[in-house]
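Participant: Spelled out from the first residue to the last, the chains are:
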Amino acid sequence: MSDKDPIKVMVVDDHPMWRDAVARDLAESGFEVVATASDGDQAVRRARAAGPDVLVLDLNLPVKPGVQVCKELVGHNPALRVLVLSASGEHADVLEAVKSGATGYLLKSASTEELLDAVRRTAVGDPVFTPGLAGLVLGEYRRLASDPAPAADPDRPKAPQLTERETEVLRLVAKGLSYKQIAERLVISHRTVQNHVQNTLGKLQLHNRVELVRYAIERGLDDE
Amino acid sequence: MRMSVEQPLWRALTGYRVLTMLYAVGLFATNYEEFDRPGIAIAYYVVLTVWTLATLPRVQSAAACTKRFLTVDLTVAITGIVLTPLAANDHHIQAGGTTLPSIWTAGSVLAFAIKGGWRWAAFASTPVAAANLIERGHPARDTVHNVILVWVASIAIGYVVEVARASERTLARALEIEAATRERERLARDIHDSVLQVLAMVQRRGSVLGGEAAELGRMAGEQEVALRTLVSGGLTPVSRISENAAEGAVVRAVDEETDDDGPVDLRALLAPYAAAKVSFAEPGTPVPLPPPAARELAAAVGAALDNVRRHAGEDARAWILVEDEPDEVIVTVRDDGPGIPEGRLAQAEGEGRLGVALSIRGRLRELGGSAEVISPPGQGTEVELKVPKVSRGKAGKR
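Quick note, the sequences are listed as chains G and P, same order.
Throughout, our numbering is defined as the position within the first sequence, counted from one, plus 171.
Under our numbering, the residue at position 305 of the second sequence is numbered 288, and the numbers go up by one with no gaps.
Bear in mind the hints are in silico, worked out from the structure with no lab data behind them.
Errors might be hidden in some of the hints.
[Stated by the list, open to error] If you want the footprint, here are the derived chain G segments under chain P, 3+ residues with CB under 8 Å:
| hint | stretch |
| --- | --- |
| 1 | 181 to 195 |
| 2 | 257 to 269 |
| 3 | 305 to 318 |
| 4 | 340 to 352 |
[Stated by the list, open to error] Sample of chain G residues at the chain P side, in silico, Cβ under 7 Å:
| hint | residue |
| --- | --- |
| 5 | Ala206 |
| 6 | Lys279 |
| 7 | Arg356 |
| 8 | Ser360 |
| 9 | His361 |
Just so it is clear, CB atoms sit at the ideal spot from N, CA and C, and this is done for glycine as well.
Sequences and hints are given; from them, build the entire structure.
Facilitator: Right, dumping it as structure tokens:
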């Protein structure tokens, strides 16, 4: 992406005050806000029409939940980057959104600078993690690994596992270290830290897709 | 539609009435010669057949089965019993031959039982018993035997119906409560989300406006963290009430308090430490620990956070990370304070300047765990607390 081309952003939030404030902040900082939407259905329709690079998505939406919006849009266009901006950060919702393709997660209590930085990073494909999200993702890998079922069923994909390094990186993220500090601590490059973080998400998303396909085949719905 | 416990009983009763009617007529036909005045019997059977078939819809459900129907039905049965000596010869009566309606009578009494429970059943079987004794003329042994049989059977079935109805009501109530709880949770989620948004917005705008507004913003921020920590893990545990009515679900009051011996969720004890400057990272599933271990661990985290405030200052930020490993629980408390210079850690420890950290270590040793303090240059201080899980057989392990 060249510097001339502003990043195209779409803001989805059912609270007008938030939608406008976020859109205004983004526009003032040189992003191009191509669309806004206030409910799930509207978000899906307008996103397909406007083709944003980054979708700033609230999870608690009327008509259609944010997680569903994320699933549909990323399924339709895998190049779309989704940054979840949530007020309550309910664990189940956040994990579900991340598994279905969101690569960033930020709380609404984050400052404007944090938000702008997060949108920029999301646009170039960098995962945006809060310590809270890192803790959830670590817990999710542990849960998947201790799930007793897989051994019995050979068709079931093996639970995804983190490498030692990935676990190490994720733990440091959860303890609030910046990527720069993590790179220093582990004596690796900033880029490598980003790759590790990205992989932790990628494996979860892949596992989720494989599980979905398996489920669909089991139920005879594979003619989608 | 939900399966009713009662409905099969009504269906069975309908079948019973038709079959026993045919049986009574058949019995009469095969023992025709025992009747002196078959005209009375034939007239009675015509009435019985018409009545039974015409009233089929009456025994489909409790609502259709009115008191008036029950009374007339019982009268038809008793009339049949009393008419028997007039129609049949003495030999038939003395040999213990069947009454005109025969076992059809029981259907009439059972209708009372299914409709109103054991009291109605007892009430209905009494005149039937009396009529049977009158028909026989004297209390013969087999008559008494039959009378008691009808009595006991109808009362028992009446009682079963009452129990079934009571459990059905309880189940309906439980389902109602569950639905209401779900709806309340949904509403609460929406409200919490809105409140959090407003608090976050006040914080955001306040910090931009500065001055007094900044102070308001800071306070809103504190409340935002407190409320978010409370709601982010979901509001209540998922109810385990079975919805399968056909299997006879067990219904009991859901008690929110766990018993004293059961493990507690460590996350719930640590969540209150989250604040504007303290981030709390946790797994999405409960981290069960025995209550004493969980309390000690939570106290140790509290002590570590006090230590952060004392040594790194009020402005220092802190992060709590909870990890649920297969055989141990790890809680890390990190701050972004100045840290402890290299080489000074052991010295400080030796001089007793890590008093709090040492007391934490002592507490954890008693739980069979450990506490490590590390301070990488420029990255603050980390206190890592580890508590082994009590091995509980093969639970969760392979």
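Participant: What hints, given by number in increasing order, does this structure fail?
Facilitator: Those not satisfied are hints 5, 8, 9.
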